[in-house]
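Protein sequences, first through last, are from chains A and B.
Quick note: to get my numbering, add 15 to the position in the first sequence (first position is 1).
Numbering follows my numbering, in which position 115 of the second sequence is assigned residue number 98; successive positions increment by one, without gaps.
The set of hints was computed from the structure by calculation and includes no laboratory data.
Cβ atoms here follow ideal geometry from the backbone N, Cα and C, with glycine treated the same way.
Check the hints yourself; a few may be wrong.
Unchecked claim - Derived DSS-like pairs: lysine-lysine, alpha-carbon spacing no greater than 30 Å straight-line:
(1) K33/A - K281/A
(2) K398/A - K141/B
(3) K353/A - K50/B
(4) K60/A - K141/B
(5) K72/B - K615/A
(6) K338/A - K50/B
(7) K145/B - K594/A
(8) K267/A - K72/B
(9) K618/A - K6/B
(10) K138/B - K574/A
(11) K145/B - K585/A
(12) K353/A - K398/A
Claimed, not checked - Sample of chain A residues lacking proximity to chain B, with all beta carbon distances greater than 10 Å (derived):
(13) E26
(14) N51
(15) K69
(16) E383
(17) S400
(18) E410
(19) I621
What the hints assert, rightly or not - Derived list of chain A stretches under chain B, where covered just means 3 residues or more per stretch with a C-beta under 8 Å from a C-beta of chain B:
(20) 84 to 93
(21) 148 to 161
(22) 187 to 199
(23) 230 to 236
(24) 392 to 398
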Amino acid sequence: MTQKFDQIEKEAREAWEKSENSNTPHIYIGCATCGNATGAQSVVKTIKNKLDEKNIDAVVKEVGCIGMCFAEVLVDVIKPGHPRISYHGVTPETAEEIVESYLVNDDHRPDLALGYFGEGGPDDVEHIESGDVFKNQRRVILKNCGIIDPENINEYIVHGGYRGLAEIIGRKQEEIIDILKDSGLRGRGGAGFPTGRKWESCLRPQADQKYVICNADEGDPGAFMDRSVLEGDPHSVIEGMIIAGYAIGSSKGYFYVRAEYPLAIKRLRKAIEQAKEKNLLGDNILGSDFSFDLEIFQGAGAFVCGESTALVMSIEGNRGWPKPLPRPRTTEEGLWGKPTLLNNVKTFSVVPQILSNGADWFKDIGTEGSPGTAVFALTGKIKRSGLIEVPMGIELGKIIREIGGGILDDKKFKAVQTGGPSGGCLPEDKLDLAVDFDTLVKAGSMMGSGGMVVIDESTCMVDVARYFLDFTFEESCGQCVPCRQGTQQMLEVLNDICEGRGREGDIEHLLELGDSIIKGSICGLGQTAPNPVLSTVQYFRDEYEAHIKDKACPALVCKNLIIFQIDEEKCSACGRCRKACPVEAISGEKKVPHKIDQSKCTKCGICFSECPERFSAVERLTGKEKLAAVSGKEG
Amino acid sequence: MNNTIEKVILLNGGKELQEQTSKALSAFEGKRSEVIPMLQAVQNEIGYLPEEAIREIADLIGMPESKVYGTATFYSQFYFSPRGERTVKVCLGTACHVRGGMLVMEALEREMGIKSGETTEDFKFSLERVNCVGSCALAPVVMVDDDVFGRVESKEAKEVLKQSDPEV
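Using the sequences provided together with the hints, build the complete structure.
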């Protein structure tokens, strides 16, 4: 098999070298969803026009996301004989300048550059790989994202792609699974089940048909890792699925992708076509007697479909209802009742590298219990939001301080939320914890599929818990009572607390409800739904108590517990708040300090953000006594 | 409600609706597993799922309409009444939530005079919340169809609408 692949690789290399070594500059523009959202497409257009105008012959490529969302739009330029220079925050205007200065003339514009990759860059530009963002990262799953053109299979092949597949065809299925078991790879969907064991339990049953499913129904609000992998390196996932098909004896695979990811779907379609053209997918792969086909199924918006049995129900054309226990495992009876192997996007995408580099290579990264890397979408109140990949075992605080650059606007750190609606919030004294599957669970949170939301002092923890409960309540499939009714009851108690109707005993009530939901629910959604509440009660109980006893929201977020007031001494009567108020609740005129009519105020906060910082006359008050004092004054 | 019905007729006319449905469903064989792709195809074509289309899908597959509704209503992607020409989506993913996405939603509700999930009377805009569009670094994010507005403040709600439709 490898002979046939050698030929494919040779052709790919020739095509690639022809384009790479040509004496023309290369321009790479980050065009994943996040880049496009920031205006990457207009930058592409401007650059192409400018190149035409200046008669410059250059290769312009749209690449995936390198993970530095905070620096979008990112444009990388390689001039022949120079290293890759990365420009950040590029607009159509600065794009023109870059072409003019660097390509027409020879000024590499250190003022616009973020840094350079590789070696031998100019002194006045930072070396990106040794900078804070990258030096703590280990890019395995994301190694091609933002580097290669995801719509060109040759680039994937040149970067080592499909070699893993070529090498395993013809080998014994058990051997492949043994390598995976030896590598210690655990599923990257969140639960961390050993991948090799899962594959083994799917190889064992005899069946006329088996299925491989890639779970790309990334529904966790605040997470976009899988999307970035699909958009930036679709072939790695496809290769992993083909290998899985071979290893368990399946000829058919499905991608279950969120319909909200149109670009990922488009790139997958293209990648599937390209793989078929090269005989890496389809009938008699690389001339062997192994055939494997892939189909894309678009999910229709249901968080619960991330659960394996619900996902299977959904492909079969039903409501996405998880199957209650006791039931056969999906690996024994899954899609259409056949043995089905279901893994997350990142799990499949790392498999080819494990097979070509060996189990020991993988075990060398990360910790003993959780080998490999973890991909996180680092967001929230953090300076450098983005997609990062770190070796398992890295200290949580290091991610936030060094890679993320600390808290936005230099405010005070309060908590970090991982695991989305199934996870929890960890406070400052847990920042020395190692990030891996088991440590985070012990601390009351979980790895989850990779959302990491940083929370600062201006975020209310009760409100965060309510936010997640609202989400799981909405997304509960409604099948079992503990989840359907339990999440509703918890949500009502949380609403009461946030809206000033909290009573003594509410916290205990929440804990009791949480315990029952965890014990009684039939699937992972319900069994983990109380986690955000339980962990915030565990670490931020004082905030709950302030809401209940003092009717105070210490973070000044919960509307019913705060009022806006103008300090007469500080107000200079500039009138900005009065004009901006959408409900005309502010009265006053020139030279007369302004006043807020509390009966009209909707607490939208616009006056607060509108009041110039040098006055800071609009203040937010909370707590029983203060609220009573203001209403007393008015009454 | 009357307004809605009139508008449907205005937009499609009964016959046209049927033609659109048939067109959307022409590529399917009528297998049970095709329910969701069929619903998606119809909604792509028409913008929502009219009763006629549900009926046709039920006929094609040979299952009761109630079952098709049962599946369709389970998923948040499907709409059962006509939508506005443009859809304003307020992201309320976790990152957007902690950066004040809810205040932006409230401001838009106020400006548009509708609640999340509703459509303006003139069918220009629909307003809805979405969970994470994956542009967390730009939080809070508002999308109007495919146009993304990042780091939106609540006082900019009107501006967002204006940029999307100069007549607002």
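- Of all the hints given earlier, name the ones this structure violates by number, lowest first. 8, 9, 11, 12, 14, 17, 19, 21, 22
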